[in-house]
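Engineer: Guided by the hints, dock chain B onto chain A, whose structure is given.
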Amino acid sequence: MQYSPPSFFKQGPDVWVRLVFFSLLSIALLIVDARFQTLDVVRQAVAAALYPFQRAVLLPGSLWSETTVFFESKTEFQREADDLARQRIEMSQVTTRATQLAEENAQLRRMLGASARVRVPSVLVEVLYEVRDAFSRRLIVDKGSQHGLAAGMPLIDDGGVVGQVVRVSLLTSEVALLTDRDQMVPVQVLRNGVRSVAFGDEAPGRLGLRFMASDIDVQVGDDLVTSGLDGIYPAGLPVAKVDTVERDGSSGFARILAKPVARLDRHRHFLVLQTVQSELPALPAAEEVRRRQARRP
Amino acid sequence: MPKAPSTLPRSHLFGAQPLLLPVNPRFIWLTLIIAWMINLMPWGQWPGVPDVLALTLIFWSVHEPRKIGMFAAFLFGLLMDVHQARLLGEHALAYTLLSYFAIALHRRIQWFGPIGQALHVLPLLLVTQLVVYSVRAALSGTWPGWSWMLDSVVAAALWPIADRLLLAPQRRAPERDDTRPI
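Respectively, the protein sequence lines represent chains A and B.
Each residue of the first sequence is one higher than the one before, starting from 8 at the first, in this note's numbering.
Each residue of the second sequence is one higher than the one before, starting from 360 at the first, in this note's numbering.
The set of hints was computed from the structure by calculation and includes no laboratory data.
All C-beta atoms in this analysis are idealised placements derived from N, C-alpha and C, irrespective of residue type, glycine included.
What you were told as hints is all true, and nothing was included just to trick you.
Simulated coverage check for chain A against chain B, where a stretch passes if three residues somewhere in it have a Cβ under 8 Å from a Cβ of chain B:
#1 21-27
#2 45-54
#3 62-70
#4 138-147
Per label pair, the in silico range of CB-to-CB distance:
#5 Leu524/B - Arg42/A: 36 to 46 Å
#6 Arg95/A - Met400/B: 34 to 44 Å
#7 Asp272/A - Gln529/B: 42 to 52 Å
#8 Met508/B - Ile34/A: 23 to 33 Å
#9 Trp470/B - Gly212/A: 46 to 56 Å
#10 Met508/B - Ala210/A: 21 to 31 Å
#11 Trp505/B - Ile96/A: 46 to 56 Å
#12 Glu73/A - Trp470/B: 42 to 52 Å
#13 His274/A - Arg466/B: 47 to 57 Å
Sample of chain A residues at the chain B side, in silico, Cβ under 8 Å:
#14 Ser30
#15 Ser33
#16 Ile34
#17 Leu36
#18 Leu37
#19 Asp40
#20 Ala41
#21 Leu57
#22 Glu181
For reference, chain A alone in the conformation it holds in the complex (with noise of 0.2 Å):
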């Protein structure tokens, strides 16, 4: 400010004094959060006073997509019922297989004594809103840490893994996409048994196996399920379908980019696994794991 305002209007402190005041409590708010946990309390408290606000906000929405399911025509039913119905045929097949397929596994473990695979329960979840980030790919769905989720979860649709929640408050819960670049899952090719890490690529929606061999087997239209050795995911998901593959002789390594078969976009339900948490050793906080990142070439 050019002049300073006359002394018998009282104004509070100085717009100086505010401006720094703010400013620092702001930053000091930022260093707290991004290198400890201690604010999770206040974040929460914060969240679930937002709650009823978001739920406001979202209300005509929903109301809308619900008159225009509603109104939906005949057609439109009797095509779903259509392809329901030869879903069921199909999928009844494959149950007949897998039956089979259970049976005979069940007794080849019995032979070799190993235990059981523990069903995993699991949670249903809608989405409430896509976060506006140009950095992240993440979303906000309408069950938290009172619903039984915790940090870690994996989440799928049913083409496959669909992403991993990274924060829950009481009633909402944070999921990091596949797409997200701090996301990585390990990962199998289901053809030859080949192992990786995917990370989030730069490329949108897209995933990148880092660190191959120039000379390794992977082919475009190979598909990636989990390997289950992270203990997070269990295995077998569907995750990604091999979509690019650059062999590039002077680095060593091959450029191979997938597409996540689960549709991220579309849906608005998803199911949490519960995996068993208590396992599991800590996560790294997502700062930890972009310094991690950061360091590597």
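Structural biologist: Just chain B now, with coordinates in the frame of chain A:
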């Protein structure tokens, strides 16, 4: 009686400001909360979604710098941080700076017409976004290009509308009288 000229000079060309009623503080907070709720809507990754809350904060910082200031800006910034799942303080810092610049410019801006004011508001909005994006870039080590600037351009283009809407209650006459110009 001589007929009044049809094109009277606009008051702002003289630098004169129209007489306005005093603002109701409750109206200020109501508009801020409505703007904030517009920001809460599920905009997803659409390009060019204006930050209506920032626009409203600028507006009240310019017109009522004694009633609305950096504390409100800081508070709404924190709310946006939690909603957008960012680090606490990103939007708080950006909105604090935004409010400061708006207060620093508040005497100057009011001498301009709606378009001139919008041209003053655009750099303020861009600085706000730049602060948020710089913090994100410093933490993630990447830069997402410059397409995000469209958001600010759209928001600045909405300034004349915001000017109309937010000043409308103050432009009402205390007692309605059809023979009087105000």
